[in-house]
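First to last, the sequence lines map onto chains A and B. Heads up: the first sequence begins at 1 in our numbering, then just goes up one per residue. Heads up: the second sequence begins at 1 in our numbering, then just goes up one per residue.
Calculated directly from the structure, the hints in this document are not laboratory data. Here the structure is a predicted model, which means the values were calculated and not measured. There may be inaccurate statements among the hints.
[Unchecked claim] Straight-line distance between alpha carbons at most 20 Å, and here's what the computed SDA-like set of lysine to any residue pairs gives:
no.	chain 1	residue 1	chain 2	residue 2
1	B	K278	A	W66
2	A	K360	B	H418
3	A	K25	B	N443
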Amino acid sequence: MRSDQHLVIIGNGIAGVTLAQNVRKKSDCAITLISSESATHFSRPALMYVYMGHMRYKDILPYPDWYWIKNNLAQLHDRVTAVDIHAKTLVLQNGAPINYDVLVLATGSCPAFYNWPGQGLKGVQGLVTLQDLHLMEENTRGVTEAVIVGGGLIGIEMAEMLRSRGIAVTMLVRELHYWHNTLPPQEAILVSNNIRKHGISVLFQEELASINPDAAGRAESITTKSGKKIPCQFVGLATGVKPNVGFLHGSGIELDRGVLVDDTFATSAPAVYAIGDCAQFRNPAPLAPAVEQLWYTGRQHGETLAQTLTSATQKKRYSRGPWFNSAKFLDIEYQTYGFVPATWDSKYDSLYWEHAEGNKAIRFLFETESGLLLGVNILGIRYRHDLCHHWLQQQYTIHDVMQELSAVNFDPEFFQRYEQDLYNQYAIRFPKLAVPPRQSNWWELRHKFSLFSSSESC
Amino acid sequence: MSTTTSAYSSPVTPNAHGGALKLTGLLLISLGLLGMLVAAVGAEAVSPVLSGLGGITAVTAGGILYVWEARRQKSVAEQNNGAWQNNMTARGAGAWVVGIVLTGFYILLYWFPNTLHGLILAVEPLSQWLRNRPADHWFLYGIFYTLAVLVMGLHALLKYRNSRYHIIRTVSVMFFQLGFAFLLPGLLLFLNKPEFYFSYFWPLKYDYLFPSTVGYLVDNGAALGVFMVFWGAVFSFIATPILTYYLGKRWYCSWVCGCGGLAETAGDPYRHLSDKSKKAWQWEVAIIYPILGFVIITTLVLWVNSWSEGKLLGNLSHGFSSTYGFFIGAIFSGVVGVGFYPLMGNRVWCRFGCPMAAYLGLLQKHFSRFRITTNGGQCISCGNCSTYCEMGIDVRHYAQKGEPIIRSSCVGCGICAHVCPRGVLKLENGPRDNRYAATPLINRDDVDILR
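Working from the sequences, and respecting the hints, build out all of it.
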């Protein structure tokens with residue numbers, strides 16, 4: 001980006017903001033972030049904590065006001081109603097149209113509803129935006145019973161939020177267990193049990209048929225496909241999200257579910273890119289989804305596109321590296337590194353350890369024949385991202401991993417360690433290979449493999 | 001479907017699980033406070049021991065009951081529910097009442113101790129039993145302080161019950177308050193030895209290295225007095241740098257220190273109120289280091305004056321030390337430091353005023369193996385870490401860049417790591433080479449927040 005050019009980013013979520021920051025590091029160009037949702041960047045995964053009273057809205061703003069001024073990043077709180085890719089102009093709802101030299105679409109997601117009868121009633125909503133949070137505050141006032149439809153990450157967040165207000169919650173989960181399409185059965189059962197322990201009633205293999213109104217046009221109950229009627233004054237629809245691209249229809253930018261992009265995030269229109277939840281890869285990498293809807297992938301998209309935009313010659317192709325994600329299910333933290341699908345055949349094998357109290361678990365998935373490490377799932381325990389990333393990137397086998405296992409734990413000091421229990425399982429499975437493991441030390445490995453950034457900013 | 005209770009509904013909701021225990025607790029606290037009031041103003045009418053000591057006992061028992069039930073009915077992830085919505089912890093009317101009562105108590109304690117006469121009489125039997133001498137207002141204060149640390153220590157133990165780090169740390173501050181700051185000094189008096197706090201050191205206990213205190217200890221304590229002076233000097237100049245090198249300043253501030261002990265227990269519900277702004281950080285740096293300088297200069301001046309037998313400076317050095325005692329010892333550490341807990345957070349004194357914290361902080365920043373590691377690229381910028389940092393550190397600023405947190409003010413309480421919903425933070429001691437190096441998994445923006 002030349003310093004006389006104008007980079008306009010629609011969306012101020014993690015993807016758009018990361019892009020702006022990384023472009024600013026290398027370029028003096030004008031940068032404007034436009035959002036109709038909020039005046040400044042906020043942490044979307046933290047919305048639940050505002051409702052629960054752990055934080056105020058201002059606490060979930062990752063950067064104070066001075067930060068944007070100091071970095072000369074303009075923020076515009078307005079809605080883009082149309083994009084003219086020929087005149088390179090954006091039409092705004094309130095302000096005057098603005099011109100761009102490069103446009104980046106980072107508009108994120110909106111809830112996906114599936115045309116249920118009654119989904120438009122008062123007291124029925126999804127939870128993605130700041131406006132949804134305000135609406136939920138309003139919709140749950142005086143409510144005693146609620147139903148959450150959907151057994152995914154937003155569903156459990158909404159359930160936890162409602163429980164914090166003492167509202168009785170019933171979850172409808174289409175699958176056999178919670179998050180069954182992502183977690184292997186043992187993990188899914190562990191999490192499901194934990195949800196029930198928190199006083200949340202869960203109906204598995206149940207789907208929503210209709211939401212029924214009371215006389216005032218407010219949700220009063222739901223009916224499931226099996227015919228159960230559950231009274232509730234609030235219905236949370238957490239059945240997934242879809243790219244927020246409605247305003248782009250007719251703009252000439254090629255769309256499918258999301259904005260179609262190549263592996264450098266270029267859309268079909270010149271000087272227009274799309275990143276984050278709203279982008280859909282034309283040719284996704286093997287095992288990777290076409291639409292990536294995570295905080296972390298949003299950040300990586302922003303980092304990658306910034307390299308293209310700040311380089312005169314090179315186009316940086318997106319390669320997300322070993323996958324990782326994390327979440328928290330009520331009391332239980334979850335981390336995953338690499339590839340751990342919900343089911344697998346005899347090509348893969350795994351080591352799985354679970355605590356007797358059913359609140360902690362470790363799984364290592366590997367190729368049966370070669371022993372190549374594929375991925376790690378951890379529940380209720382913290383592992384070091386840097387080391388797991390190293391194992392996956394350097395194509396460790398499960399046998400290599402066992403030699404460094406004692407260095408991977410990231411739990412606080414004095415916590416009980418369970419890596420030995422996992423190792424014992426390994427020794428039973430591979431008696432010939434199970435030499436007593438070295439006591440690996442994280443600091444030595446960090447030094448040995450240079451698992452740190454060379455630039456020191458302090 | 002089970003009937004449920006709101007996390008921050010009124011404590012006496014009839015259908016609340018354990019509501020009866022909580023109600024009993026509140027009843028005991030109320031009656032106890034009433035008893036203490038009677039002891040304070042009506043000592044002639046009713047025996048102050050009966051009303052006052054009985055009242056203190058009732059408040060303690062009631063507090064234990066209430067805390068036990070209130071915290072146990074919430075799971076660990078629910079402990080901060082409503083912190084910013086409940087008026088007691090979100091600077092509401094209740095917080096102002098508590099703040100004004102606490103502040104008022106400190107004003108009475110420091111400047112009008114006679115007004116506490118009835119309550120002092122109430123603890124007379126305890127003082128005779130423990131110390132073999134009459135009670136005074138400082139003994140009364142010691143009882144209140146210790147009970148606050150113990151009852152609210154239980155509160156912290158239950159709130160953080162899934163974390164061994166917090167269990168051990170909380171037991172540690174309870175132990176040092178009860179043993180080293182209450183029972184042991186009392187026992188020393190019982191044995192007619194000089195009163196001495198083995199868990200406080202210069203420059204926090206600024207007069208422990210003043211010539212007058214050293215002279216008093218040596219003259220009155222004989223061999224034990226010499227040991228006390230030796231103990232204090234060794235800790236100030238040798239043990240402190242060594243322990244801080246290996247463990248960070250937390251070995252003292254959130255494990256041993258009495259001020260820290262009160263902050264980590266009684267002050268814990270107010271930790272999110274500390275100011276996270278850049279302005280607050282600039283004030284912190286501008287106040288705390290001059291105070292450390294003032295203590296050092298005062299101590300040196302007093303020794304110079306002592307060696308010259310008062311010829312050099314005359315009475316000037318006395319002026320120095322009494323000024324410090326008034327402004328820093330009384331107003332800052334007591335009135336503002338604790339009185340303003342419900343309004344400004346629980347570490348105002350430790351953050352802006354404590355010379356020991358300044359000294360430990362310099363060591364921690366420049367000569368220590370301690371840091372808080374950020375776990376790769378896992379941060380989601382939610383802000384729980386920054387919000388619940390009692391020292392007002394914007395932890396998230398570092399975490400979202402994948403950088404370790406190495407700040408002189410960090411007392412190592414470990415709550416940031418506890419409230420992080422993604423397991424991103426870990427307090428640890430490691431090699432000093434590449435101590436500031438960040439994770440390679442995030443491309444950082446490089447903005448310095450202090451400048």
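Agreement of K360(A) and H418(B) with the hint, judged by alpha carbon distance not exceeding 20 Å: OK: K360(A) and H418(B) at ~16 Å, within 20 Å.
Holds or violated: K25(A) and N443(B), Cα atoms, limit 20 Å. holds (10 Å)
If you draw a straight line from the CA of K278(B) to the CA of W66(A), is it 20 Å or shorter? Holds, at roughly 10 Å.
Consistency note: the structure conflicts with none of the earlier hints.
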